[in-house]
Amino acid sequence: MSDLIKYNLEFQITSSVSILYNRLSNPSGLAVWFANDVIIKDKIYSFFWDGHKQDAKLLKKKDNQYIRFKWADDDEAESYFEFKIQIDEMTQDVALIVTDFAEDEDEKEEQTNLWTKQIDQLKRAIGS
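If you read the sequence shown in the working numbering, its first letter stands for residue 8, the second for the next number, and so on.
Keep in mind that a hint or two might mislead.
Okay, the calculated beta carbon distance ranges per label pair [said to hold, decoys possible]:
1. 86 to 134: 11 to 21 Å
2. 99 to 46: 28 to 38 Å
3. 83 to 134: 34 to 44 Å
4. 19 to 82: 28 to 38 Å
No more than 25 Å apart at the CA atoms, straight line, and that leaves these computed lysine-lysine pairs for BS3-like [what the hints assert, rightly or not]:
5. 124 to 77
6. 77 to 13
7. 130 to 13
8. 115 to 130
9. 69 to 48
10. 91 to 48
11. 50 to 64
Worth flagging that the hints you see were computed from the coordinates, not collected in a lab. Don't be surprised by glycine CBs; every beta carbon is placed ideally from N, CA and C.
Go ahead and model the full structure; you've got the sequences and the hints to work with.
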């Protein structure tokens with residue numbers, strides 16, 4: 008088992024919490040920004056990109072707060088990826104916190120760039 012690097016990325020989102028959560032948790036919402044198509048069956052989310060399929064198991068979720076997945080082909084026991092909605096108590100600004108794991112700093116940098124591109128697509132999809 009390797010030592011994974013856990014990291015969090017924070018993105019400011021101009022959106023209502025319910026709209027944002029819908030885009031993070033529902034197949035139609037995820038298909039707008041995360042994958043070309045998404046199908047859910049028995050807590051398994053099947054993501055399709057350009058003819059390729061990757062499955063992720065829903066580990067846990069709390070409506071309008073967070074959703075956590077684990078890639079089906081990921082053998083690392085502690086790894087997962089999570090979308091968490093955070094609201095600033097003073098300003099009521101909405102932030103999306105993405106948590107993921109990388110094997111090394113190079114992979115972390117690659118994944119950070121990919122997440123940034125994906126979240127930019129999400130922002131455009133919700134008009135943020």
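The hints, checked one at a time:
1. 86 to 134: 11 to 21 Å: violated, 32 Å
2. 99 to 46: 28 to 38 Å: holds, 35 Å
3. 83 to 134: 34 to 44 Å: holds, 36 Å
4. 19 to 82: 28 to 38 Å: The hinted range 28 to 38 Å holds for residue 19 and residue 82, with Cβ atoms some 34 Å apart.
5. 124 to 77: holds, 21 Å
6. 77 to 13: holds, 14 Å
7. 130 to 13: With a Cα-Cα distance of about 24 Å, the restraint between residue 130 and residue 13 holds, given a limit of 25 Å.
8. 115 to 130: Satisfied, since the Cα-Cα distance of roughly 22 Å is no more than 25 Å.
9. 69 to 48: Between residue 69 and residue 48 the Cα gap is close to 18 Å, so the pair holds against 25 Å.
10. 91 to 48: holds, 22 Å
11. 50 to 64: holds, 6 Å
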